[in-house]
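Colleague: These are the residues of each chain, in order.
2 protein chains.
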Amino acid sequence: MENEYVKEITSKSEDFSQWYIDVILKAELADYSPVRGCMVIRPYGYEIWENIQHLLDKRFKETGHKNAYFPIFIPEALLKKEAEHVEGFAPEVAWVTHGGHEELAERIAVRPTSETIICSMYSKWIKSWRDLPVLINQWCNVVRWEKSTKPFLRTAEFLWQEGHTAHRTAEDAEAETLRMLEVYREFVETELALPVVKGIKSENEKFAGAARTYTIEALMSDGKALQAGTSHNLGQHFSKVFDIKFLDQDGQLKYVWTTSWGVSTRLIGAIIMAHGDDRGLRLPPRIAPIQVVIVPILGKKDQVVLNCARELFGQLKQDFRVELDDRNEYTPGWKFNEWEMRGVPVRLEIGPKDIEKEQVVLVRRDTGEKIFTPRNELHQRLKALLEDIQTNMYRQAKQFMDSNTREVDNFEDFKKIIEEKKGFIKSHWCGNESCEQYIKEQTGATLRCLPLDQKFEEGKCLICGKQTDKVAIFAKSY
Amino acid sequence: MENEYVKEITSKSEDFSQWYIDVILKAELADYSPVRGCMVIRPYGYEIWENIQHLLDKRFKETGHKNAYFPIFIPEALLKKEAEHVEGFAPEVAWVTHGGHEELAERIAVRPTSETIICSMYSKWIKSWRDLPVLINQWCNVVRWEKSTKPFLRTAEFLWQEGHTAHRTAEDAEAETLRMLEVYREFVETELALPVVKGIKSENEKFAGAARTYTIEALMSDGKALQAGTSHNLGQHFSKVFDIKFLDQDGQLKYVWTTSWGVSTRLIGAIIMAHGDDRGLRLPPRIAPIQVVIVPILGKKDQVVLNCARELFGQLKQDFRVELDDRNEYTPGWKFNEWEMRGVPVRLEIGPKDIEKEQVVLVRRDTGEKIFTPRNELHQRLKALLEDIQTNMYRQAKQFMDSNTREVDNFEDFKKIIEEKKGFIKSHWCGNESCEQYIKEQTGATLRCLPLDQKFEEGKCLICGKQTDKVAIFAKSY
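Protein sequences, first through last, are from chains Y and H. Mapping to this note's numbering: the first sequence position 436 is 436, numbers consecutive. Mapping to this note's numbering: the second sequence position 381 is 381, numbers consecutive.
Among these hints, one or two may not hold up.
You can't tell identical chains apart in this list, so a pair holds if it fits in one copy or across any two.
[What the hints assert, rightly or not] With a cut-off of at most 16 Å between alpha-carbon atoms, the simulated EDC-like pairs for lysine to aspartate or glutamate come out as follows:
#, residue 1, residue 2
1, Lys-476, Glu-205
2, Lys-124, Glu-28
3, Lys-147, Glu-103
Honestly, the hints are just simulated from the structure, not real lab data. As the structure is a computational prediction, the values presented were derived from the model and not from experiment.
Isolated chain Y, as found in the complex (with noise of 0.2 Å):
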């Protein structure tokens, strides 16, 4: 019975995958819909994400950013403008053919990324060195046409947020690109409890369309990459195609610079396979849609235990995210499995004899650490608990990280590593995309990114063996 729920998960180390759909599917995080490749997101999994929005939301608006919205819809014509934009995402484009009963004239994109509509407006709105910077942001959906679909890692639609802005000089949108990144990073690790790996991707790796892209990188549990956002200066690229032109203060029409920066509910995925574990979810208690379960244990003083823990409920429920689960057909034992689940980080037990103590035993989801706290400390036992549980996510994924990201510089070792431990492989790489590009065709490692704010000595390239003071990450990933 103790077991119930758990031996409906299949074990994580068996089978990484399968463990992956399973929780997201008993934890009613997301359901498959009748649409190919689009998931529905439950009220469980949605707020998460109602929590990450609010959390970057307030990031984006601190450091001057507003919110704005541009059309789902892109002609066939302004997504062409930009070449390798087009080349990049004409593959999983959406294309709406008819409007009613009647045929339209030239088809529109359902938008996979919003450059060229937004764009398409700035050049309309700048005019002056006084309307720079352009700070929007946009919350919404959009829809790439995936071959292979996964919930929350790859779907043919996803819900993301876009910033896209516009400034006077090379040096503020690559001051941008990088505030941003910085932002993610942040974001990431003080909120999911995620470490990351700030970099910048390889030529062949970089965004349809920029002149450099950035990126934070996570490792999953299962030794496998996760690229959790990204950063891109866009240089002069859709300014010159958008003819976003604006008049300096030195008197000469200038092309403005942009850039744009991306995450979206992939996030959820990397927080279920960064942090689960064989009894199922462990979520950060920053985002927890709950962090706090009250389970009475009831015993022959039903109605004292019923009503101590009501009152707990309603004391609570003003500082933190609390559910009680005051169901009569099940049993405490299944509801502990229910709620570990499910990923609850604190489970407040309280039974006839716990009220004799004035006590409460609280439970930690990422330990299984069992506390007696006196009643009247609760609440701020409660509060250091949560925060104690946030850190001590983040160090072990950060532990986690850490060992599995070696250093290798010969091909032989990189090969077997990727084979039997996966993880972060650090490599001399020459810069050049044919050594890039062998790797791949080896052993299915891609290049990460290549790290920032970090100094590396000289060594040879893993493949060609040339000189180079460059080192990039390489790994297996989602």
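Given the coordinates of chain Y, assemble chain H onto it according to the supplied hints.
Modeller: Chain H alone, transformed into the frame defined by chain Y:
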């Protein structure tokens, strides 16, 4: 110079429709896009929507609803399941026929509304009476391929929320339908300062697929009605075609009863049209993106005034949505017009004399009144002033609605009023669709609703003369 901006806006009494467009474009609420019938919601307009979302979402959660997200795409077969529903929506559906380079086997609709996709999920999730009620809401975009469009009022794509609930009994569903109608009424009247009439739609005007449609109807300042929100009791129409059954406590397998309800970015159109005047927008303080704008009046002691304005800004921004307009390329007079046009409820002027007198000047957007306010009382005075403006704007709109609601039981008078004065007309109506249709054909006025919570004496139907106790409100409408 003083009138520079005002001149650029068409006079409201001269050409209401042009005034509406002018205000939207000049105040930068929205802009036309390169996509047919789609608008861009600019940051100033989107912030109104964010405030609406925040205030409504709070109410949804307080009444036990949770948010989720369902796919934007609906397979054609699914959309066609409920006969009345598809008949109502088919003429305005945008169809996706290609994904990437491939033609789809079955074309898919871009959601015009989500009853069908959501009900297909509910049939999977709902098994037992313990699963009921299901109370879910979704914030999203929807697409209706309308022939003629107008920003905020009718666009090919718009943003909205749609609640979708499932219940055990007919009574529960009806109670939910009316509960959410009341949430809308209270929200619109309290936060948007818009008085409305609550009522039920005629058979002819109800939602495609509903058993009953309830509505809140507002009166715009040109005398035309605007449907501000609807709440539908869907009976078992959808549960039967989507096979949403549950095992009741009595051991019987039964169909659930469903509801749906929604409001959209159309509410922003209502705010503009109900409250605006010849000088531009007037925004109710509770949803205004900027509640107070500080305009320093620069004299000889520029720096002292600027410092003081900045100090005030720093103090006020903790409790109010406040903007400091310290641009030096514009005169104070120009700024006054600009911020009046943009509808900011309170202007705070501070000049050298005010500093001497330790006062500021507050100017109300709703009445134009100037209020000299001691610095040390500013905070509480401003708070009270914003509340007073909110109340006054509601009172003005209510007075307008009341004095433009006329009881008429003579078709000649009816025609004359619709022609000359517009507004709401209350008339006896037999309940027959042919009489309703006749009125529409002869006058262009539609049956807005049969008011709830009001008792009427018997009278004769406006058209056929049949004795009836039914009274309906008719109006020209958006």
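Colleague: Any of the earlier hints contradicted here, and which numbers?
Modeller: Nothing - there is no hint that the structure violates, so all of them hold.
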